[in-house]
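*Asks:* Each chain, written out:
Number of protein chains: 2
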Amino acid sequence: AILQAVRAALVAGPLAGKRVLVTSGPTHEPIDPVRYIANRSSGAQGTAIAAALRDLGAQVVFVTGPAQAARPEGVEVIEVETARQMRAAVLAALPVDAAVFAAAVADWRVASEHLSKIKKTKGALPVLEFTENPDILAEVAQLPEARPRLVVGFAAETDDVVAHATAKRARKGCDWILANDVSPATGIMGGPDNAVVLISDEGAEVWPRMAKAEVAARLAQRIAEALMA
Amino acid sequence: AILQAVRAALVAGPLAGKRVLVTSGPTHEPIDPVRYIANRSSGAQGTAIAAALRDLGAQVVFVTGPAQAARPEGVEVIEVETARQMRAAVLAALPVDAAVFAAAVADWRVASEHLSKIKKTKGALPVLEFTENPDILAEVAQLPEARPRLVVGFAAETDDVVAHATAKRARKGCDWILANDVSPATGIMGGPDNAVVLISDEGAEVWPRMAKAEVAARLAQRIAEALMA
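Residue numbers (the working numbering), protein chains in the order written: chain B, 1 to 229; chain Y, 1 to 229.
Hints are computed from structural coordinates only; laboratory data are not their basis.
Since we're looking at a predicted model, the values are computed, not measured.
A hint or two may mislead.
[Said to hold, decoys possible] Lysine-lysine pairs mimicking BS3-like chemistry, simulated, CA-CA at most 30 angstroms apart:
{"hint": "1", "chain 1": "Y", "residue 1": "LYS168", "chain 2": "B", "residue 2": "LYS117"}
{"hint": "2", "chain 1": "Y", "residue 1": "LYS168", "chain 2": "B", "residue 2": "LYS119"}
{"hint": "3", "chain 1": "B", "residue 1": "LYS168", "chain 2": "Y", "residue 2": "LYS120"}
{"hint": "4", "chain 1": "B", "residue 1": "LYS168", "chain 2": "Y", "residue 2": "LYS168"}
{"hint": "5", "chain 1": "Y", "residue 1": "LYS117", "chain 2": "B", "residue 2": "LYS120"}
{"hint": "6", "chain 1": "Y", "residue 1": "LYS168", "chain 2": "B", "residue 2": "LYS120"}
{"hint": "7", "chain 1": "B", "residue 1": "LYS168", "chain 2": "Y", "residue 2": "LYS117"}
{"hint": "8", "chain 1": "B", "residue 1": "LYS168", "chain 2": "Y", "residue 2": "LYS119"}
{"hint": "9", "chain 1": "B", "residue 1": "LYS117", "chain 2": "Y", "residue 2": "LYS120"}
[Stated by the list, open to error] Stretches of chain Y that chain B covers, calculated by requiring three or more beta carbons in the stretch to come under 8 angstroms of a beta carbon on chain B:
{"hint": "10", "region": "154 to 163"}
{"hint": "11", "region": "180 to 192"}
From the three backbone atoms N, C-alpha and C, an ideal C-beta is built for every residue, glycine too.
With the rest of the complex left out, here is chain B (with noise of 0.2 angstroms):
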């Protein structure tokens, strides 16, 4: 039985058999009709993370916000624009083996939708009052039944990347978050390469800029070493 698992990772990949989830791409949160909050978020480095997975032989659910980057080919992809929507693909996507949470997901939508575009007024400017997205990734992190063996988070952060980091790992329950630095300054979001540290319970790993496909070939090879562990 060992040798025979030993020759289906050397022919079909070391993730053959294994089911993963990514999210990826920004998500869309409606204020009027015509009006909404967006994250800049590109898709390509959850793009890249869903093709290396397939590579490895992962049967692979791309579950993606309104994002620029084209598809991934060879996985099953969900299109979603709010992150109601993208928590319910998610739940309804389990149970997978890991589940790589890429996406940028409004942390707050607008409380109460207008359903008419709100008018320009002289004068009024109109309030927004927010509520909270739900938390996919500390939700699917947590869940007493379903968890995922393997949970990888995404931090983008602006300034003290790995202690704000370290701290998201320990408030979600997550086992890894990839954090970046997202500063305009950087050209991490929407350019070619990404500067990433790894947080795992092993401390913070930091990886040197490389495209952001090789990101995901190390992060996919990676998780197949902690699925077969």
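Using the hints, position chain Y against chain B.
*Replies:* Relative to the frame of chain B, chain Y by itself:
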């Protein structure tokens, strides 16, 4: 001289020698380095109008926000992101013979953009205060000296389309308003068709639902007639 003008028009199109400005697409108004407020504008109608004006021989300056639609060829393209950037680009493009403001400019922006990412803190929701964006259409329509001969605005409405658009035309001081119903049920936003009402000093003229390219061709023809009158 008249014969010469007629000959030029036959060869190079009725807008040969005319400079026309078209704005298009949404604007993005930053909340912090990763979040922004946007409009659901694909840029399809503005892009089609720029192409139609070019086809009638106009020299077109195309000022566009971050739109999905591919940029039109054979026109001068100026890319902007925010309403303030769009205003600056528009004023810099003057003088023009006609200006078509098809962009879905955000009416408001966040009063004080956060320079680092707003952190999610348990129980604490962000309060966003808004301030009015420049009203580019009204400003250009009321310019004392550099006002284009023909100023055309757009009105994206979800109810009482003609009444709202007629009031908007008077308030802005523009010559024409092309009004459309962008209620989600119409499928117009992001879709291939448009159904518009042209509001002028002669009242409201309802155009049948047609492809956005046909709306553009018809509008360009009307602009040519107005500039030749």
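*Asks:* Work down the list of hints and note, for each, if the structure agrees.
*Replies:* Hints, one by one, checked against the model:
1. Among the hinted pairs, LYS168/Y with LYS117/B is consistent with the structure: their alpha-carbon atoms are about 15 angstroms apart, no more than 30 angstroms.
2. Pair hint LYS168/Y plus LYS119/B holds up; C-alpha atoms about 11 angstroms apart against a cutoff of 30 angstroms.
3. The suggested pairing of LYS168/B with LYS120/Y holds, with an alpha-carbon distance near 10 angstroms, which does not exceed 30 angstroms.
4. Only pairs whose Cα atoms come within 30 angstroms are accepted, and LYS168/B paired with LYS168/Y is rejected, the gap being roughly 48 angstroms.
5. With a C-alpha separation of about 28 angstroms, the suggested pairing of LYS117/Y with LYS120/B holds against the 30 angstroms cut-off.
6. Pair hint LYS168/Y plus LYS120/B holds up; C-alpha atoms about 10 angstroms apart against a cutoff of 30 angstroms.
7. Annotation: proposed proximity of LYS168/B to LYS117/Y holds, straight-line Cα distance about 15 angstroms (limit 30 angstroms).
8. Of the pairs offered as hints, the one joining LYS168/B and LYS119/Y holds, with about 11 angstroms between alpha carbons and a cut-off of 30 angstroms not exceeded.
9. For the hint linking LYS117/B to LYS120/Y, the alpha-carbon distance of about 28 angstroms falls within 30 angstroms, and the restraint holds.
10. Residue count for the region 154 to 163 of chain Y with a Cβ under 8 angstroms from a Cβ of chain B: 4. That meets the three needed, and the coverage hint holds.
11. Here's how the region 180 to 192 of chain Y fares: 4 of its residues keep a CB closer than 8 angstroms to some CB of chain B, so the rule of at least three is met and the hint holds.
Checked against the numbered hints above, the structure breaks only hint 4 and satisfies the rest.
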